[in-house]
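*Asks:* Each chain, letter by letter, is given below.
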Amino acid sequence: MPLRAARVGRVGVIGHPVAKTAVVAKAVSPGPSPVAKTAVVAAAVTPGPGVRRRRI
Amino acid sequence: MTDTPLDDLGPVDYLVVEFPAGARNFTGEMAAELLKLVDAGTIRIVDVLILDKNEDGSVDATEFSDIDQLGELQSVEAELAELLAAEDVDHLAAAMEPGSTAGVLIWENLWAAPFASAARRSGGQLIADGRIPIQAIIASIEADDMVGATTQGD
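Chains as they are written, first to last, in my numbering: chain A, 67 to 122; chain B, 15 to 168.
You may find that some hints are simply not true.
Said to hold, decoys possible - Cut-off 25 Å, straight-line C-alpha distance, at most; resulting in silico cross-link-like pairs (SDA-like, lysine to any residue):
no.	chain 1	residue 1	chain 2	residue 2
1	A	Lys86	B	Ala153
2	A	Lys86	B	Asp53
3	B	Lys50	B	Ala153
4	A	Lys103	B	Gly162
5	A	Lys103	B	Ala127
6	A	Lys86	B	Phe33
7	A	Lys86	B	Phe40
8	B	Lys50	B	Ser89
9	A	Lys103	B	Thr164
10	A	Lys86	B	Asn123
11	A	Lys86	B	Thr164
12	B	Lys50	B	Ala92
13	A	Lys86	B	Val30
14	B	Lys50	A	Ala108
15	B	Lys50	B	Ala127
By construction, these hints were calculated from the structure, which means they are not laboratory data.
A quick note: this is a predicted structure, and the numbers were derived from the prediction, not measured.
Could you build the full structure based on these sequences and the hints that come with them?
*Replies:* Take a look at the structure:
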């Protein structure tokens, strides 16, 4: 179906072709224990004991 | 469309969710979760398009209003702003695989608007923003682990 006329001939807001991002599910899946890896990522963004501290 | 003063607007984001051929399982769950965010005042949906990328690379775009049986999303459709232009369709579809379908969603982060306004009133100006991909967090953790393993081996 065609786009509405209001969309045609206007300057867009995206500006450039979008590059495909890596699919998150695939990025988390590799390795012997994908569940464990997911937990590690969750822990990295959750405050609390055992959280690594930045080294500057 | 709402008559929101420019200074009270929250940041506007977009995403493209691709459904590869043969991997579509529309149960209404996505619509329900989206409506929860709208009803909670967390976001305002600005625009929606459905894109189909054909095997020859051509793209068909479908307006939200042309979808049969929108159900509860009908209320959302009535408020859309048609922000995306036709040239945006090609730009967004560049990320799609041939044979796939994608939903394009543009939304305003209503939750961020009061903080953004307060920052502006305080003299602040946004000079950078972005999203940290999960992949980058994984890479950082793995790099740390490698450094730790090397250090322990010394």
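*Asks:* If a hint holds in the structure, say so; if it doesn't, say that too.
*Replies:* Hints, one by one, checked against the model:
1. A/Lys86 x B/Ala153: Between A/Lys86 and B/Ala153 the Cα gap is close to 19 Å, so the pair holds against 25 Å.
2. A/Lys86 x B/Asp53: Violated. A/Lys86 to B/Asp53 sits at ~30 Å, over the 25 Å cutoff.
3. B/Lys50 x B/Ala153: violated (33 Å)
4. A/Lys103 x B/Gly162: holds (17 Å)
5. A/Lys103 x B/Ala127: Answer violated: A/Lys103 to B/Ala127 is near 34 Å, above 25 Å.
6. A/Lys86 x B/Phe33: holds (13 Å)
7. A/Lys86 x B/Phe40: With a Cα-Cα distance of about 22 Å, the restraint between A/Lys86 and B/Phe40 holds, given a limit of 25 Å.
8. B/Lys50 x B/Ser89: Roughly 13 Å separates the two Cα atoms, so the pair holds.
9. A/Lys103 x B/Thr164: holds (20 Å)
10. A/Lys86 x B/Asn123: holds (23 Å)
11. A/Lys86 x B/Thr164: Given that 25 Å is the threshold and the Cα spacing comes to 34 Å, the pair is violated.
12. B/Lys50 x B/Ala92: holds (17 Å)
13. A/Lys86 x B/Val30: holds (9 Å)
14. B/Lys50 x A/Ala108: holds (24 Å)
15. B/Lys50 x B/Ala127: holds (19 Å)
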